[in-house]
Amino acid sequence: MKIRELYTKFFRDALIVTTISLLSCEMKSVTDEEFASAAENYADIVLANYQDSYDQTIKLKELIGEFVADPTKEGFTACKEQWLKARIPYGQTEAFRFYGGPIDDEDGPEGLINAWPMDENYIDYVEGDETAGMINNLEEYPEITKALLVKLNESFSEESIFTGYHAIEFLLWGQDFHENSPGTRPYTDYVVGGSAPNPERRGLYLKLIADLLLDHLSAVKNEWEKDGAYRATFLSSPKNEVITKIFTALGEFSKGELSGERMFVAVDSKDQENEHSCFSDNTISDIINNFQGIVNVYTGEYTKVDGSKISGTSYAALATKVNLEKARAVDEAIGETYKTISAIPDPFDQAIIENEDEVLKAVAALEDLSDAFADVSIELKK
Amino acid sequence: MRGRRFISVLLLKIVLLCLQCNYRTDFSAEELSGGLNFTSYNFSKDAFGVQGSNLTRSESRFFQSGNELFRTNWVAAPASVQSLDGLGPLFNANSCGSCHFKDGRGAPPDEPNGTRFGLLWRLNNGAKNKKGAPEPHPIYGKQIQDHSIPKAMAEADIVITYDTIKDFYRDGTPYMLFKPNYELTNLAYGEIDGNYKLSPRVASQVAGLGLLENIPVESLLANRDTDDLDGDGISGKANYVWNIVEDKKTIGRFGWKANQPTIFQQSASAFNGDMGLTSSLFPEDEFNAYQEAQNTPLPEGGYPEISDKQLERITLYVQSLAIPAKRNTDKPQYLKGRTLFYDIGCESCHKASFTTGQNSKIASLNNQKIYPYTDLLLHDMGEDLADGAPDFDANGNEWRTAPLWGLGLIKTVNKHTRLLHDGRARNIEQAILWHGGEAASSKNEFLNLTKKEREDLLFFIESL
Numbered sequence: 001m002k003i004r005e006l007y008t009k010f011f012r013d014a015l016i017v018t019t020i021s022l023l024s025c026e027m028k029s030v031t032d033e034e035f036a037s038a039a040e041n042y043a044d045i046v047l048a049n050y051q052d053s054y055d056q057t058i059k060l061k062e063l064i065g066e067f068v069a070d071p072t073k074e075g076f077t078a079c080k081e082q083w084l085k086a087r088i089p090y091g092q093t094e095a096f097r098f099y100g101g102p103i104d105d106e107d108g109p110e111g112l113i114n115a116w117p118m119d120e121n122y123i124d125y126v127e128g129d130e131t132a133g134m135i136n137n138l139e140e141y142p143e144i145t146k147a148l149l150v151k152l153n154e155s156f157s158e159e160s161i162f163t164g165y166h167a168i169e170f171l172l173w174g175q176d177f178h179e180n181s182p183g184t185r186p187y188t189d190y191v192v193g194g195s196a197p198n199p200e201r202r203g204l205y206l207k208l209i210a211d212l213l214l215d216h217l218s219a220v221k222n223e224w225e226k227d228g229a230y231r232a233t234f235l236s237s238p239k240n241e242v243i244t245k246i247f248t249a250l251g252e253f254s255k256g257e258l259s260g261e262r263m264f265v266a267v268d269s270k271d272q273e274n275e276h277s278c279f280s281d282n283t284i285s286d287i288i289n290n291f292q293g294i295v296n297v298y299t300g301e302y303t304k305v306d307g308s309k310i311s312g313t314s315y316a317a318l319a320t321k322v323n324l325e326k327a328r329a330v331d332e333a334i335g336e337t338y339k340t341i342s343a344i345p346d347p348f349d350q351a352i353i354e355n356e357d358e359v360l361k362a363v364a365a366l367e368d369l370s371d372a373f374a375d376v377s378i379e380l381k382k
Numbered sequence: 001m002r003g004r005r006f007i008s009v010l011l012l013k014i015v016l017l018c019l020q021c022n023y024r025t026d027f028s029a030e031e032l033s034g035g036l037n038f039t040s041y042n043f044s045k046d047a048f049g050v051q052g053s054n055l056t057r058s059e060s061r062f063f064q065s066g067n068e069l070f071r072t073n074w075v076a077a078p079a080s081v082q083s084l085d086g087l088g089p090l091f092n093a094n095s096c097g098s099c100h101f102k103d104g105r106g107a108p109p110d111e112p113n114g115t116r117f118g119l120l121w122r123l124n125n126g127a128k129n130k131k132g133a134p135e136p137h138p139i140y141g142k143q144i145q146d147h148s149i150p151k152a153m154a155e156a157d158i159v160i161t162y163d164t165i166k167d168f169y170r171d172g173t174p175y176m177l178f179k180p181n182y183e184l185t186n187l188a189y190g191e192i193d194g195n196y197k198l199s200p201r202v203a204s205q206v207a208g209l210g211l212l213e214n215i216p217v218e219s220l221l222a223n224r225d226t227d228d229l230d231g232d233g234i235s236g237k238a239n240y241v242w243n244i245v246e247d248k249k250t251i252g253r254f255g256w257k258a259n260q261p262t263i264f265q266q267s268a269s270a271f272n273g274d275m276g277l278t279s280s281l282f283p284e285d286e287f288n289a290y291q292e293a294q295n296t297p298l299p300e301g302g303y304p305e306i307s308d309k310q311l312e313r314i315t316l317y318v319q320s321l322a323i324p325a326k327r328n329t330d331k332p333q334y335l336k337g338r339t340l341f342y343d344i345g346c347e348s349c350h351k352a353s354f355t356t357g358q359n360s361k362i363a364s365l366n367n368q369k370i371y372p373y374t375d376l377l378l379h380d381m382g383e384d385l386a387d388g389a390p391d392f393d394a395n396g397n398e399w400r401t402a403p404l405w406g407l408g409l410i411k412t413v414n415k416h417t418r419l420l421h422d423g424r425a426r427n428i429e430q431a432i433l434w435h436g437g438e439a440a441s442s443k444n445e446f447l448n449l450t451k452k453e454r455e456d457l458l459f460f461i462e463s464l
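Residue numbers (the numbering used here), protein chains in the order written: chain W, 1 to 382; chain C, 1 to 464.
Derived from the structure by calculation, the hints contain no laboratory data.
Treat the hints with care, since some could be wrong.
Reference excerpt, derived from the structure (chain C facing chain W, CB under 10 angstroms, subset only) [what the hints assert, rightly or not]: (1) 45; (2) 51; (3) 57; (4) 62; (5) 67; (6) 75; (7) 98; (8) 102; (9) 117; (10) 310.
Please read these numbers as outputs of a predicted model, since none were measured by experiment.
The beta carbon of each residue, even a glycine, is placed where N, CA and C say it ideally should be.
When you get a sec, could you build the whole thing from the sequences and use the hints?
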C-alpha cells in the first residue's frame, strides 16, 4: 500500500529532523536564504506536479480520441484507467489553491477543471430522464463547441457543470447507483445504433472537454514555468506573503475543503452523490492524493509519476528551527491524519453510511492539522 | 491569461491583509462592517460566501453542509438521491444558489423574454388573512411560479418592458431611469382578475444576515417613529409578522417588506414558495386542487420534502456568512462621501451601525459592532416605487430600508449592478434617483449636488 509506505517514511524523516534539532541545543533563526530556498523548492514542486497532471491528461485525451474514432470495450476501459491515473497527480495539486494563484485567481480555471458536485443532467441522460442534457438537446444546442461549454459552465447555477474531470468521469462511468461498484455506463453509448441516442454528439462532447481540460491545465502550468509570469511574482514577494499564501492554502484545504466539503458533508447528508468522485467511486484515492499534496508542500518533497523526486529546503525543517513544539504538533497531526484516512474503508460512498466514526475521526484529524499549520505559520512569520 | 498579472498583484495585496482564512488581526474599526468576528477580507467573486470566524468546530462543519444544500439542485421526485427530491411541481428555481448565485443577488433579464434568475412576482389584491398576511390568489397562490417539473404546466411567463424616463440634475447633467412594465402571458390556469397587483421581488445577497437577525429588538424600536412625531419627515415603522415557530407576531426583519421574522422561517418559506418543497413549517405545496386537476397525475416527494435538519443546516449557513470589509476607508474621497451621506440625510434610514445582542446560539455572532446601513424598518418610498401590495403592517407604498453593506461587490460576485426590489435600477446612482416619499428630500438634495460631490457619495457607498 502506497499510503503505508508514505506513513513510515514520513515518520522516519520527522524523527531525523527532530533529532537533529534537539542535538543542536538551541533554536536557530531561519535565514532569508533558507526562506528563499524553500519558496523556490515549493515553486519547483508546483511546476512538476502540474506537469505530471498535464502529461497524464494528454494521454487521456489521446485515448479518448482513439476510443471515439473506434469505440470498443477495451478502448473504453483504457480511457477509464487513464482517467484514474490522471487524478493521482491532479489531486495533489489541489494544495496549491486558495490564495488566488493561477489556478483560482479572478480568471483562474479551477471551476472549469475540477468543479463538483455537478448536476449531471445538464450534460447527458440520467435515470428517469432519457432526454436530459446538452448531448440530447439538438434543438437548443445544434452545435457543441468548446466556447459554448466554457460559457455555460456554472452559468445556470453553481452545479451546472459542463467541463472538467468530473464531467469526463460522468461520460466514462455514468451515474452510480450501486453499492459494490462504480457507475456502469456501457461503451455502446458511443456506438451508432448502440445503447443510447446521439452517440456521435456524446463522443464529440467527450473529446471537446478532454481538449479543454488540457488547455486549462496548460495555462496554469505555464504560469509556474521557470520563465512563467506568476512564478516570478510569487518568488519576488516578501517572505511573509509567501508563507501566508502557502499556509492559507494548507489550512483552508485541509479544514474547509477536504475535511468539510468532501468528507463531513458526505457523512452528514449520507448521500452517495455527495462524494467527490461519485461516478467512478475514486473518492478514497482523491482524499489520499489531496492529503499527499498537503504533505508534499510541507515536507518539500514531491514524487513524480515516473518515480523521480523533487526535494529541497522544506517548511517542515524551517518550522522545526523556529519552534520545535509547534512543528511537532504538525508532525503528530500529519501522522494522525495518515492513520485515520487509511482506516476509512473503500468505497467512500459506503463508508459514509457504514463507517461514520472512521470518517469523522479523519475529519477531526484534518481539522487539527489545519490548526497546527496556522500556529506554525505564525511562528514562521515572526 | 489576460489581466492575470495585474489581478495577481491585486490579490497579492489582499492576501497580504490576511493572516488565515480571510481574516486579519490589525484593523481600524471603520472598515469592520461585520464586527471583529464577521468581517471578511475576501473581495473576489466568492466575497459573499466566506465563513465568519470563531465558529465552533461543529458550527464550521454544519456550515459546510449548509453550503452544499444552498447550492445543490433539487430534483423532481422520484430521484436517486432521496434527500434532494420533491422539487415543484411548480417552482421558480431549483436551488437557493440559482437565485442567490454565490450567495449574491438576482437581477431581471436584459431581454424582455430572457431567462430570469432571482426574480419572482407575488400576487396581491390588498386582502389579508386572519394573521395579516396577504391572502393568496385562489388558484395561483402567493406568487407566479414560472417553472414546473416535466409533465406539469408552469403557471405563466412574464414579459418585461421598460419605459425610459429622462430628467436632469440641477447642474444640467441629464440622467435616465427605466420604469418596468410586466405582462403575464401563457397563463396556464385561467385569467387573473385585474384587482391583483404583481409585486416583483429580486433575491438579495445573503451575507451578513445572521448579524441582522441578532440586532436586539429594542435597538430597532429605538429608531421607530411610526407617526413621525418628531416631524423630520421620516417615519420608520416596524412590521409585525406571523412567526410560525413562536405562534405569534414578532418583528419582521427579512424580505423587501420585512415580512419574515427569522432566517429559519424565511428559508422555509423560500423553499416552499420558490422551490415547491414542503417542510414542517409549510406542509403544503403551493399547488392547489384545481391546479392538480388540470395536470396529469404527478409524482410526490413525500412529506416533508425538506427535513428540519436540512433547514437548520441552511439556516446556520446563512447566519454564519461574514460580510466583506469596507474598502477605501483611508481615502479622502471616502471621507468626503461619508460626510455627504450624513449631510443629505441618507443616514436617517440607512442607519450606519448597531451592536448585535447576546442571545444568538452562534456565540461568535454576539456583541459585534456592525455597519449594515439599514434600520430594518418600513418607510413610504413614494408612488413611483410603490407595488400597492400590503403585507402585514406594511402598506403598498412602504419598503424596508435595504442594507447597503456589500453593495459595491455585487458586480464582482454577480456580474451586474441591478438594485431595488425589482432590479430596475442599473446602478447605485439610479437607485438613489428612484427614492421618493419619505426619501424625497434626500433625493432632492442629491439632485442639487455637484458632479464631484455625487461621485464622492457614490464612491463611499461603493466602498461599503
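Comparing the hints with the structure gives:
1. 45: With a closest approach of 7 angstroms, the residue 45 of chain C hint holds.
2. 51: This hint holds: residue 51 of chain C lies near chain W, its Cβ roughly 7 angstroms from the closest one there, short of 10 angstroms.
3. 57: At about 6 angstroms, which falls below the 10 angstroms cut-off, the nearest Cβ of chain W leaves the hint on residue 57 of chain C intact, so it holds.
4. 62: It holds, given that the least Cβ distance between residue 62 of chain C and chain W is near 8 angstroms, below 10 angstroms.
5. 67: Interface hint status for residue 67 of chain C: holds (7 angstroms vs cutoff 10 angstroms).
6. 75: 8 angstroms, holds
7. 98: 4 angstroms, holds
8. 102: 7 angstroms, holds
9. 117: 8 angstroms, holds
10. 310: 8 angstroms, holds
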